[in-house]
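Protein chains in written order, with this note's numbering: chain Y, 925 to 1205; chain Z, 233 to 554.
Where hints are given, some of them may not hold.
Stated by the list, open to error - With beta-carbon atoms standing in for the labels, derived distance ranges:
(1) Y/K1176 with Z/A497: 33 to 41 Å
(2) Y/F1173 with Z/Y331: 25 to 33 Å
(3) Y/F1169 with Z/P310: 30 to 38 Å
(4) Z/P310 with Y/I1028: 50 to 58 Å
(5) Z/I398 with Y/L968: 56 to 64 Å
(6) Y/F1169 with Z/P406: 49 to 57 Å
Unchecked claim - Covered by chain Y, per the in silico footprint, the following chain Z stretches (three or more residues, Cβ under 8 Å):
(7) 275–289
(8) 336–345
(9) 406–412
If you're looking for bench data, these hints aren't it; they were derived computationally from the structure.
Ideal placement from N, C-alpha and C gives every residue a C-beta, glycine not left out.
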Amino acid sequence: MRSALYFLVTSGLTLLFGVVGTLNMSHFSLYMIASYVTWSFASLLRNYQFSFWAAFFLSALTMCFLAFIIERLVMRRLYKRELGEQLLITFAMVYILDDLVKMIWGSSPLFVTRPPILTAIATWRNVNLPASGIFLLILGLASGLGTWLMLSKTRLGRISRAAYSYKEMVSALGIPIQHIYLAMFILSVFLATLAGIAWTVMGMVDLGQAHSLLIECFCVMVIGGMGSFAGTALSALICGMTYSFAILFVPKLATLLIFLLAGIILVIRPWGLLGRAGRLH
Amino acid sequence: MRHKWLVTSFLGLFWIFLGLVLGDFWLHVATECLIMMLFAISFSLLYGHTGLLSFGQAAYFAVGAYGFALPFMRFSVPFPVCFFIGLVSSILWAWITGYICVRLAGIYFAIMTVVVTQSTFYIIFQWYGFTGGDDGIQGIFPPGFLSNPHWYYYYVLAIVAAAFIIYYKIINSPFGLSLKCIRENMVRSQFVGVNVHRHRLRAFIIAGFFAGLSGILFAPFTRTVVPQMGNWTSSGHAVFMGILGGASQLLGPMVGAVVWVFLDAFVAGFTEHWPLIIGLVIFTIVLFMPGGLVGLVTSYLRTAKDKRHSETWVTPESEGFK
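Next up, chain Z with everything else stripped away, as it sits in the complex (with noise of 0.2 Å):
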């Protein structure tokens, strides 16, 4: 327990003090780092804890980012308004499209969420007169004190911060572990009386909460928002973050999209074949390591944990026993 708190505190310190000492573009890099780490959980929070494997997080990343922007450029509402705007555009979609979707299992579900976010894609993208196509939105600027990139990376990671502790808690309490069971098997939750349709639905919708969460930080932080940020390859990024850092882990999302905000500065640098290297890892971490890098770590710790404690029995737990 003690542990917990200690690892807790020295990360929420780590944060802060990041935002005092980096200079303009490392900041940039921070921040970017916390707000796809906010698009993982909500991939993560599907995959890694319901069992759904959702290729369509990015169509509620596109529309709180729109949801936000729209009304803050065309009409000049105000800043927090928009705010709400955004966030309930991106749960008012994730519930009548999650409605269809969460009908169906396994291989249907995923097809099901490509659709989604391709045809999220399509209208942004055709509705010239509204979204203004594929122009996008250009000029956003955060009003006031946010303007600066240090109040800026502050107002990200207290959004942020606020978002992982509602993650912690809806994953640990009674809701989160029917979902696990829900995603160890579905038949038995049914028989056990868990409403498997509303548990979903009810994970999916948070999930588009947390993907518009971001989609409005990211909207104001890169100036722009554009129809590709609702492509289903957008989609794949948080697929990449969520798989990288181990889905059912509760770093798992930090750590997925620290490693890729750094790749994607530097790898992206060198070389322009940038989609063929995530492919390849996706594709290492899926064969070889399913934990993904946390899930590597702890079980390698808990390895030398249990080799400390007893020198010569090999318990079935010590055996990254999945």
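So that you can see chain Y by itself, here it is in the shape it has in the complex (with noise of 0.2 Å):
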């Protein structure tokens, strides 16, 4: 469950680096906002019979539009700059972001009402698992396929494999690479929203929940190999494991440990389990 929740979250973030080149420190805080705002159509449809349903699909448009409008006014002025600068300005997206969601939805944590179905344990040969549990895996392998079919058969996948390699020759071709870049985007926000709508479902919403996962996040990013998509997935799985392990035995030490894991691998392996050694510089 927790490596479903880092593939989610770690996934676009990595997306969005290998295919664009651009490390986006607030998707984080998209990820937050993305919880926020499905707790805050879940309690205006509260009266109706699939508000969660339904809160899921407008909070996922909703996200959408605001990842189109963040890459309208501030990505797409960064994409030539230098990979300092850009994680600056994206910083002080995080700073703004935060402070923005403070200011809406103010600071006290919010629940959001779970449909029963999600409320049930499902029992097998002994084994007792909640369905939330089971609603965020399936999220998470589905997503984790889709991704990997859209980049793997699609046309905008393969164009995007291939700016992932050569910028210059894509748009050499004549391809809008702009429009490709505000497609990168978007999903990766999509993806960081289906981590937040999932997180509704486990949690509680707070503005804490973001600085909670990003140690993890970014040392999930950097195991399995910046912009490497099946590195991602690899490693989410060895870190989440990691996780629900040591929450068991050493709880204190469960954050440190996969901080630990990723200081072992950086100094074996620089670029990650899956990642290339060329683009390390």
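Using the hints, put the two standalone chains together into the complex.
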């Protein structure tokens, strides 16, 4: 379950970094905003029957629209700039977005009413599994498979994989690369949104949820190899397992263990498990 | 040359003079400016001079503060010894974590520093028995004559001035020039025989030393240390000050810190949406004035000077050529 959450959050980051070459530090804030938006829709529609599922789709739509606006206003000015400046701008966005969230939704934690199907507990051969966990797993698997299929089978996917290797060549072939970037940004925010929605089922929506995931997801990204989609899936699995077992035995050290793992991997393979050595600098 | 000495001695006298005339509130603000300047220097040395964007300076800031406060409060070790312990612990921590971080470049480095600072925060936060966890450590009163705010101001001024001179010497030494060379082109500097890894590790440790020093000054100044000092948003303050003043300008950290502390004191007074303003300011500076405030002033002065010398000619340098 933890792996699925890591995967959902990190895959968007990796995708954007891989294809566009921009690291979006405010990705986690967008993930948090998605949770808040879901809460808003769910409480607006709470008198109707399928309020949660309606909120699911509505917030996904809203977030895609928000992503579109952010891309047009901010991100598109960044692609040509240096990495340091890109980081600083998206870092400034963390401040702005977090404060906007505080302004709109206040700073007290909120709860989303879960539909009955997600509060159930499934029992399978004496193992109890909460349905919300299964939901998260399915969401993670589906989006992972979906993105993978999109990347490997469709035209858009092939173009973006080409952009990953040779940016200049792609635009020289007459493909409007700005549109590809826009699509990638929206897709990455969409993945974060899925994670944000899934989180509302798991726990409470609050201002700290982005920061607590931040360190783990960056580690997942570095361990898997930056820009490598399969690497992210693999390392999300590893880190999720590490975290889940650590929380059983040494709960206080769970986050640190992941950090330690990242440190060890970086000393042995600085480019990550499935990354490419050439992309290091 | 004469010009530079004039500015330096003017600034020195100005800060000394401030300590004599200011009342308690303003003295507090001025002391904070000086400490924050040291913190900003630690960021500027890495970003402005070595080209390493570090979001991790808060880690060494916090380690310095805790390294100072823990023996001081728990084991009542004398003040100078605690000072020394704080310094050594921040340098050691910078060494250990820096060894991993500087193997990476660009974006990987930035991420790794975020990871380091967040883990430092978690260690301090979770290790309740030793560090006091969320409660932090309260009531750190400086001993003897330092408990007088005026004397404390001069104590801070002396240390920050010394650190500033060290910083100045470093960036103008052969070592500092090779750091600049690494910033401009890492591969080429490797070709001319600069040991990139070792140089960057040294720069990282020196920056950790500066951050630790500012943490040591900060702890008795606010009388408390809290784990939030090591958070990555706290690193963000160093980033903000460094960028605001102009990270590769000599006086950049000072200007950035002064503006930051003033904004912090006043903007926080009438609005609680302080982070929003920080974000917007960073945004504007990075997009529209890459040299920061000091960069803006120097390029303006240069243009004015060139205009005076030659009315008609416009040289590439006069165009704020970056």
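Tested hints:
The hint said 33 to 41 Å for the Cβ distance between Y/K1176 and Z/A497, and at roughly 37 Å that hint holds. In this structure the hint that Y/F1173 and Z/Y331 lie 25 to 33 Å apart at CB holds, the actual value being about 29 Å. Between Y/F1169 and Z/P310 the Cβ separation comes to about 45 Å, which falls outside the hinted range of 30 to 38 Å. The given range of 50 to 58 Å is respected by Z/P310 and Y/I1028, whose C-beta atoms sit roughly 51 Å from each other.
At about 59 Å, the beta-carbon gap between Z/I398 and Y/L968 stays in the expected band of 56 to 64 Å. Judged by the Cβ atoms, the range 49 to 57 Å given for Y/F1169 and Z/P406 holds: they are separated by roughly 51 Å. Remark: the region 275–289 of chain Z is confirmed as covered by chain Y, as 4 of its residues place a Cβ nearer than 8 Å to a Cβ of that chain, reaching the required three. Residues of the region 336–345 of chain Z with a Cβ under 8 Å from some Cβ of chain Y number 8, which satisfies the need for three, so the listed coverage holds.
Closer than 8 Å: that is the beta-carbon criterion, and the region 406–412 of chain Z has 0 residues meeting it against chain Y, so the requirement of 3 is violated.
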